[in-house]
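Chemist: These are the residues of each chain, in order.
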Amino acid sequence: MSFDANAKQAQLQSLVDTVLKHAREKGASAAEVAANSSHGITATVRLGEVETIENTSDNGLGITVYYGQRKGSASTSDLSDGAIDEALTAACDIAKYAAEDPCAGLPDENLLAKEWPDLDLYHPWQIPVEETISIATACEAAARSYDPRISNSDGATVNQDEGVGVYGNSLGFNAGYPSSRHTISCSVLASENDEMQRDYWYSTARDSRDLESVESIGRRAAERTISRLGARKLSTRSAPILFKPEVAAGLLRNFIGAISGGSLYRKSSFLLDSLGQQVFPEWVSVHEDPLKPGGLASAPFDSEGVATSARDIVADGVIQGYVLSSYSARRLGMETTGNAGGVRNLTITPNTESFEEMLAALDTGLIVTEMMGQGLNMVTGDYSRGAAGFWVEKGEILYPVEEITIAGNLGQMLKDLLAVGNDADYPGSIQTGSWLIRAMMIAGE
Amino acid sequence: MTTSYELASRQLLAPVSIGEQEIDRLLGELCAHQLDYADIYFQASRLEAWTLEDGIVKEGSYNIEQGAGIRANSGEKTGFAYTDDLDFASLLSAAKTSRAIAASGSSVTVPVSLRHQPALYQPVNPLDTISREDKIQLLHEVEEHARAQDPRIQQVIVSLVAAHDSVVVAATDGTLAGDIRPLVRMNVHVIAEQQGRREQGSAGAGGRTTLEFFITGRGLNLAEEASRQALVNLEAVDAPAGLMPVVLGSGWPGVLLHEAVGHGLEGDFNRKGTSVFSGRVGEQVASPLCTVVDDGTLEQRRGSLNMDDEGTQTQQTVLIEKGILKGYMQDKLNARLSGCQSTGNGRRESYAHLPMPRMTNTYMLAGEQEPDEIIASVDKGLYAVNFGGGQVDITSGKFVFSASEAYLIENGKITVPVKGATLIGNGPDVLTMVSMVGNDLALDAGVGVCGKDGQSVPVGIGQPTLKIDELTVGGTA
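From first to last, the protein sequence lines are chains S and R. Residue numbering for the first sequence follows UniProt numbering, beginning at 1 and increasing consecutively. Residue numbering for the second sequence follows UniProt numbering, beginning at 1 and increasing consecutively.
Every clue listed holds true.
Sample of chain R residues facing chain S (criterion: CB under 8 Å; computed from the structure):
(1) Gly60
(2) Ala81
(3) Asp84
(4) Gln155
(5) Gly242
(6) Lys419
(7) Val473
Honestly, the hints are just simulated from the structure, not real lab data. Positions of the beta carbon are idealized from the N, C-alpha and C atoms, including for glycine.
Kindly generate the complete structure, drawing on both the sequences and the hints.
Modeler: Okay, here's the thing in structure tokens:
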């Protein structure tokens, strides 16, 4: 199967126009339509043999119609005329039953993107399935040969995906762009005595040439797994916590959730009325760059066509702006920040030279490499999650720990941020180094 | 009476001119390669959702998902392709793509034939049984009832979801089966405020039935329950930290079983030897008071199915009997590779996902103790009655689940409410520390969603009140 992105984009843009026209014919005063189509292959190799080859091919079309201030939505995975007509009819019917909402409606026309630079998001990885399999095989082999204690495998997976997304509305906006994303991951098990542990590593990029080497992915999956062997519990105590990048990114994501429009207008956030307030120490800045070339979350316009631009969300520890869509902005009496669909490419500025420096600053405390469970109450900020990692004394890593929890309040944890490392190495659209937090309660034996 | 298969094939296949002849031809194409098994999964679903917020029904949505997934198994290998276009050419192309997992040759097949199937739920379309006016009125009644509970209730969100799912499965092992699966759910979420402190409460219910389910008072009960929880949480003090006796209430706290043992007993992990429970059938993994089953045959339950997504009739599978590990949950692939029978646990999120062993309704059978006796037996500990989600690492066995309503037990009595906290334990150990099991088995209200490998499916959980002698409670005090 081949995928012609240009032809597909033209086809989807024409489909969006047609659906917008039909919405108007059905009496809608305004409408917006998003359509996407993607295609890919995922191959998994386990214990040196092919386990699965999945051919993915996904389509979707989402419609929102407005009758004045009444709104209805529908979506379909089937892009046939019949299914689209059924979806549009349902959206129009729903709108007739919905109540008038003064904040409902399309974005303000003057905020829509007028131009969109090529953000270098489309690099199809056109390799035959046999080559995909050999890449996965090499990756898993690198992990399995790393240490004799690597005893089993969940396999290595190589995924290539490309697609097109298009958005149009009745203000005359209709634009789209192709993108690609490729991932190599590996997960292995290690055994020693009666203990069994598992961990993984992965790399993901718009362009396959930017992926970490298969040897490195396999080796790091194995290293991480081996390092968990010999895990102990801790006794219950309060201690400083060093969150590695893979879990620190989650804390930053939680913070973003608390300053997102939906949480704010529902008064479901521990950071209500925090705009202009100091929530982090003075040295902290958090930056969003939606236009970063090749970025995993880059987009020239948000999911309602509003132009995106780079900005500081936090500067000098003070919140500079919320994370808003047109709807949540109107609810709060503000202007959209171009964040319909979420934040895009976040970074937090480090204040530390190296991980070793952070270890020294931690002195005696806990390094957290994994957290389990949902455990955050967004209304209060109360935080309690399962954790695993390493116990450190006098700056020296002593042994792995597991089956403990860490608890505190996220609002306080942000204030208690002592250091951010320059060791951002975990893949994803949120890039942060490790976080050192003054103290949290550890529950264990 | 028209069978579910006839209804499903009429709704799903007739409009695209796919009949048994076309299905036979597709299976024939698959069998032109050396396969052990292949199946075709046709699906059409419709989902309608409404949300009431700030006193108005400001939003509704309608979702269509339909297509077919074609899977081919050869040894441990699986080839998979799917299409949202149900014309014969697209299906044929998907069949050729998935069979490429094995070399050409021939496979043994059994001619398809219809199987008898139970009717655990009616083949109804819950989107249509009540009018949109009635759905909206129901949302308003529930919202007003929540606000009427107490002036401290500030924010109320009520959502209502109805889904109608039709599936047909045809396979080279002779399976030809269909199912019509209604599913409804209502959730109420409130925020209460008192002197600047805000706390939340939530409640939900549902099952494989129609929206009339909520009109009979169940909707109002949810409003009361969510409000009660939020008001309790306004009084909550910091939760304790450390190892202590924990009494879990009946019903939803059964998320313990889902995480601590359920996932670890799924057939795929055990075949591959990646679960902490691998190779332990016949061993003692729980106290003799514990018998745990997975049961897809409970009428109208959220996790129930007339057949699983491979066309196998669901059943009650004993996982742990009086503390002894009896068996695993299997789909066809893992059953074949492990030399046993499918237990009717082969499930998939949709036609665009591969099936794997998944839970249905997982619960512990009742014991003999009165719940009051169990609480009275604890000197100092935690009584947890409502939970959010949980998570497990099936390899190390470590699991968590997060309490959203809990109390201190002091000198055998429930004293003060405490804030939510995560509880953490080790799957193979935790049930060995169950020292008392109540006589009050209850299943959850029907809102559970289980995630595995990126696929979500509806499930049920349940248990009687039970006491765990020692579990780590992740509070701050």
